[in-house]
Each structure stands twice: as structure tokens, then as C-alpha cells.
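Asker: Numbering of the sequence shown is given in my numbering, commencing with residue 138 and proceeding in unit increments.
All clues stand as given, with none of them false.
Straight-line alpha carbon distances no greater than 25 Å define the calculated DSS-like cross-link-like pairs of lysine-lysine that follow: (1) 462 <-> 477; (2) 345 <-> 477; (3) 462 <-> 421; (4) 366 <-> 345; (5) 246 <-> 267; (6) 457 <-> 366; (7) 477 <-> 246; (8) 249 <-> 267; (9) 316 <-> 373; (10) 373 <-> 307; (11) 414 <-> 373; (12) 249 <-> 277; (13) 477 <-> 249; (14) 366 <-> 307; (15) 366 <-> 316; (16) 267 <-> 277; (17) 286 <-> 307.
Read the hints as simulated data drawn from the structure, not as lab findings.
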Amino acid sequence: MLRYNKIAGVVLYIVLSFTNCRPPERRGEVVPYFVSGVYVTNEGNFQFGNSTISYRDEQTEHVTNDVFSAANGFSLGDVCQSMIQIGAYYYIVVNGSGRVEVVDTSDFKVVKTITGCQSPRYILPVSPTKAYLTDLYDNKVHIVNLATKEITGSIYIPTWTEALVYANNKVYISAPHSKYVFIVDPSQDAVIDTIITGEGVGSMVLDKNNTLWLLSNGDLGVHDPFLAKVDVNTDKIILQEILDHPGGGLTCSDDLATLYWLDGGVVRLPVDSVVSKRSTIIAKGTHNWYGLGIHPFTEDVYVSDAFDYVQSSEIFIYTKDGLQKSTFTTGVISGGFWFKH
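All chains should be built: construct the whole structure from the sequences, respecting the hints.
Answerer: Encoded structure:
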């Protein structure tokens, strides 16, 4: 489960410095690309090849499902894991197919397919000329040349690598099946240190105080789940608190002042508050909440209900205080959001 809106500011910085009434759904048609709205990445079922990307126009509220195949004439592939914008291109990471589709933001047409990775997860630019790509099985982080859009090297890390955060001229990489967060120097493309955290750290975000937050799911019940804070100047943990439930999908408001994550329901925590002051703003109820995103301007909460992982997901939009505003239908297992403005 992923979210991408907060990464947008980091991407821009790195690249530039070095309602219950539902509008009709539109499926498989090419729409104008794209003024203001949200892309939803739909994982689909593993080995079914039914991953898709949906788009909801913020002005008209129209939803277009499967925009990738409409633009390109072929399906996206198996398990759409994540999506991010780097410059004039979207990089769409297709985990089960072992590739990254690079599409032009103006028309969503593929300009390059990056191969040479086994099970890619997330991509993040670490300089104006290169990006890092994590991998579930390859025991390495791939180095991507942003000019040629090809994998040109790798950094050995002996386990599954997941989330990436750029801070203080370093790249922090989570490794959920280890007890470490790995620290890479992008000028050397080398691991320079590790932070001993405990097992299960998946998602990470950087807040307004330049503090790195880590969320552990406890390796899905094997260990205690926790939320931790890291000082990126010293790379030391300055707070670690056990949580009542395993969590995932840690994200942040656009002003970097409020954390949100999933732990059955949707939890909110101001970064300047103590962890015990966290509040559940959206209850689990009968839902199977799966993906989480925060609108960069309104701070509306977008959360997907994956139901039984077979039928189409439903996206629920709430205010930041947990009042429901509207819903819309997307694809199978909606996992992430990318807000375009």
C-alpha cells in the first residue's frame, strides 16, 4: 500500500536543485492529459496481469479507469506497485512483471521500458541524473540513469528493500525483513551506515522538522509494531513507541506537519505531538482499508477499500477530520495515489 503525493515535493527539490452522487465512470478511453486530479494505482491480482491505473478529474469528478492501456494499446502488466513523477515523465513500477514503464506526462504514452530488475518496488531520484529503484528479491538497489532510462548499476543490500527517503544528502532505505534501515551516500552509490530499528519497517516519511519517521508492522505479528523518529543529523533513534496494532502506508500532509497511517482504520498524529495523542479519524468498520493518500492542498484523506481483493476497489474521500465527502470506483486492489496539480 502506498502513497505518493508527499514524494512529489522531494522529487521536485532533487531534480531542480542539482457526496454520494457519483459521476459516470469512463473506462478505457483516452482523456485530455490531465489538468488537475488524482491517479490511482491498482495492483490487480498476482499473475493475473490485471493491474491498471485510474484517473479522477478533480473539476468534473469523472473517473477514467485503465488509462494506461487506453493510451498505449496494451495492458500495464502484473501488479502495479507504485508511480512517481520525475521531470516530464511518470515512472510506473510494475512489480510482478519486473519492469518500470516510463510514460510522457502529456499523453501517458510509453517512451521507455526499464528492465533488468526482478521484482521492483519504489523509485526515487537521488540527483538530477540518477534514481534508485528498490527490489523485493534482487538483494540490491538498482541505479537508474535518468537520461537513458536504463539500469546502469546496483548497490548490494542483502535483503528485500522497500521505501526510500532523501534527507541530509543521504538516502534512507527500509528493509522490512531485517532489523535495519540502510543509509546510502548517493555520491558514492554505497552503503555508509545502518540504523538498528527492529523488524518490519516498511514506510518512512520526512517531516517539517527534518525528522525521519519509521513505521513498523512488526513483521506482521512476529514482533511488536512500532513508530520511531530518527534524527537525520546523527542517524540516531530519538523516539520509539510500541503500537497497539500493525500499521502501514505512513504518509504526511503537504506541510509536513501531520502524519497519517493505516492500522485497520486511519490514524492521524501531528508531528509536534506525543505519539499517545494519535487519533483514529476513520474507523475500520466493515471496510478492508488498503491504500492511503493525502490531498496536497485540502488535506482530504483518500483511502481505498479493497473488499475481497477480487472485485473493483472503492475510493472513499474524507475531510482531515474524518467526515465522508464522496466515493468512486477504480480497479482491483487500489494501493496508491499520485496527485497532479
